Amino acid sequence: QPQYAMIFRSPRVSARARLFRRSAAALCAGAALGAARAGERLDRALDEMDRIQAEWAGGLLNTVERFDRFFGDERFDAEGRETRLAVVLGVYADRRDGAKIQNRFRARLSLPNLQKRVLLFIEDAFETERADRPAELEDAARESKPVTGLRLAAESVGKARLTADLGLRLGGDPQIVARTRLSFARVFEAWERRWIQTLSWYSADGFAAGSELRWTRDLGRGRLFRSATAIGWRADESGVTPAQSFSWFLSRRDGGGHRWTVRAAWPETPGCERAVYAAEYVWRRRLHRDWLFLELGPGLDFRQEDDYEPNPFGVLRIEVNFERP
509 QPQYAMIFRS PRVSARARLF RRSAAALCAG AALGAARAGE RLDRALDEMD
559 RIQAEWAGGL LNTVERFDRF FGDERFDAEG RETRLAVVLG VYADRRDGAK
609 IQNRFRARLS LPNLQKRVLL FIEDAFETER ADRPAELEDA ARESKPVTGL
659 RLAAESVGKA RLTADLGLRL GGDPQIVART RLSFARVFEA WERRWIQTLS
709 WYSADGFAAG SELRWTRDLG RGRLFRSATA IGWRADESGV TPAQSFSWFL
759 SRRDGGGHRW TVRAAWPETP GCERAVYAAE YVWRRRLHRD WLFLELGPGL
809 DFRQEDDYEP NPFGVLRIEV NFERP
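According to this note's numbering, the stretch in the sequence shown is residues 509 to 833, in order.
Among these hints, one or two may not hold up.
[Stated by the list, open to error] List of simulated lysine to any residue pairs, SDA-like, C-alpha gap at most 20 angstroms:
#, residue 1, residue 2
1, Lys608, Asp647
2, Lys667, Gln623
3, Lys653, Asp713
4, Lys653, Gly679
5, Lys624, Ser691
6, Lys624, Arg592
7, Lys624, Arg589
8, Lys624, Arg583
9, Lys667, Asp576
10, Lys667, Phe584
11, Lys624, Ala586
12, Lys624, Ala662
13, Lys667, Gln705
14, Lys653, Lys624
15, Lys653, Ala586
16, Lys653, Tyr710
17, Lys653, Leu597
18, Lys624, Leu597
19, Lys653, Ile684
Derived by calculation from the structure, the hints in this document are not laboratory data. Being a predicted model, the structure only gives us computed values, none of them experimental.
Model the full structure from these sequences, guided by the hints.
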């Protein structure tokens with residue numbers, strides 16, 4: 509036993525052990541340093557991917573914003589915080605009812621010194637039964653029911669926008685109106701996903717609510733595709749009203765644009781008796797800068813109440829938009 513003990517205590521064996529331990533420590537230190545550097549490179553790569561993804565998502569949102577602005581999407585009137593005036597003068601004609609005049613007026617004024625959070629708004633829309641009787645236009649304007657009041661636009665949180673309205677609906681029997689609208693946009697892979705939720709209350713007509721989900725994809729070269737699924741409910745109607753639409757957009761550098769849409773709606777589901785299916789084309793042209801537009805196009809609809817007989821129609825609109833940043 510003492511002989512074996514002397515062997516294990518020999519300086520020669522101890523030197524080898526020390527050399528082994530030092531080599532192992534060096535290898536471990538090198539591996540740790542390499543792992544740390546690899547981790548740093550991975551972190552930098554992930555940060556770069558996050559930056560590229562954020563830029564790409566921002567670019568997609570800006571593209572959708574530009575298309576919606578050019579084609580006059582209604583959400584610009586509902587969600588905007590700048591002073592804006594929009595007037596639409598139009599004629600709608602179909603085989604079933606003939607021609608009628610359709611006008612719309614919307615204005616909002618950002619009150620001073622309130623950081624664009626409180627706005628004064630007014631909205632009105634009316635139409636005549638026939639376009640060949642000018643006296644009916646005056647009667648329709650007199651019988652219209654404009655809504656006016658104050659709008660609170662909450663500070664945007666990311667891509668979420670919240671607005672709340674309190675006002676009066678004039679004309680006929682005036683009613684108190686309270687409305688709220690929440691819009692949230694997010695990029696999901698190659699799609700912009702936007703959810704819009706609305707809730708309104710009229711002192712005489714009661715509550716109404718609506719929900720819409722949009723999926724929009726940039727197809728490149730000035731092209732856009734959108735699928736919109738919506739459902740609405742009103743206290744003075746039975747059931748709900750689901751709707752679906754598919755739209756293709758094309759924007760041209762010469763100030764023109766095209767929109768093709770197929771859509772359907774099923775009012776008062778499940779007891780629906782007024783379903784509507786339609787296909788339409790709209791050509792839109794910027795006539796002067798960013799405030800004067802011309803819009804026209806044909807379409808074809810099929811209504812359940814008419815036994816789905818084809819009903820061709822056409823629209824012609826002049827739109828004036830003034831906006832102050």
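Hint by hint, here is what the structure shows:
1. Lys608 <-> Asp647: Roughly 13 angstroms between the alpha carbons, so the hint for lysine 608 and aspartate 647 holds.
2. Lys667 <-> Gln623: 19 angstroms, holds
3. Lys653 <-> Asp713: Cα-Cα ~14 angstroms, so holds.
4. Lys653 <-> Gly679: Holds, because 5 angstroms separates the two Cα atoms, which is no more than 20 angstroms.
5. Lys624 <-> Ser691: 18 angstroms, holds
6. Lys624 <-> Arg592: 12 angstroms, holds
7. Lys624 <-> Arg589: Holds, at roughly 6 angstroms.
8. Lys624 <-> Arg583: 17 angstroms, holds
9. Lys667 <-> Asp576: Given pair lysine 667, aspartate 576 holds - Cα atoms ~16 angstroms apart, limit 20 angstroms.
10. Lys667 <-> Phe584: 14 angstroms, holds
11. Lys624 <-> Ala586: 14 angstroms, holds
12. Lys624 <-> Ala662: 9 angstroms, holds
13. Lys667 <-> Gln705: Judged against 20 angstroms, a Cα distance of about 14 angstroms means the pair holds.
14. Lys653 <-> Lys624: 27 angstroms, violated
15. Lys653 <-> Ala586: 18 angstroms, holds
16. Lys653 <-> Tyr710: Since the Cα atoms of lysine 653 and tyrosine 710 sit roughly 13 angstroms apart, the hinted pair holds (cutoff 20 angstroms).
17. Lys653 <-> Leu597: 17 angstroms, holds
18. Lys624 <-> Leu597: Distance ~28 angstroms between lysine 624 and leucine 597 Cα, so the pair is violated.
19. Lys653 <-> Ile684: With a Cα-Cα distance of about 12 angstroms, the restraint between lysine 653 and isoleucine 684 holds, given a limit of 20 angstroms.
Comparing the model with each numbered hint stated earlier shows that hints 14, 18 do not hold.
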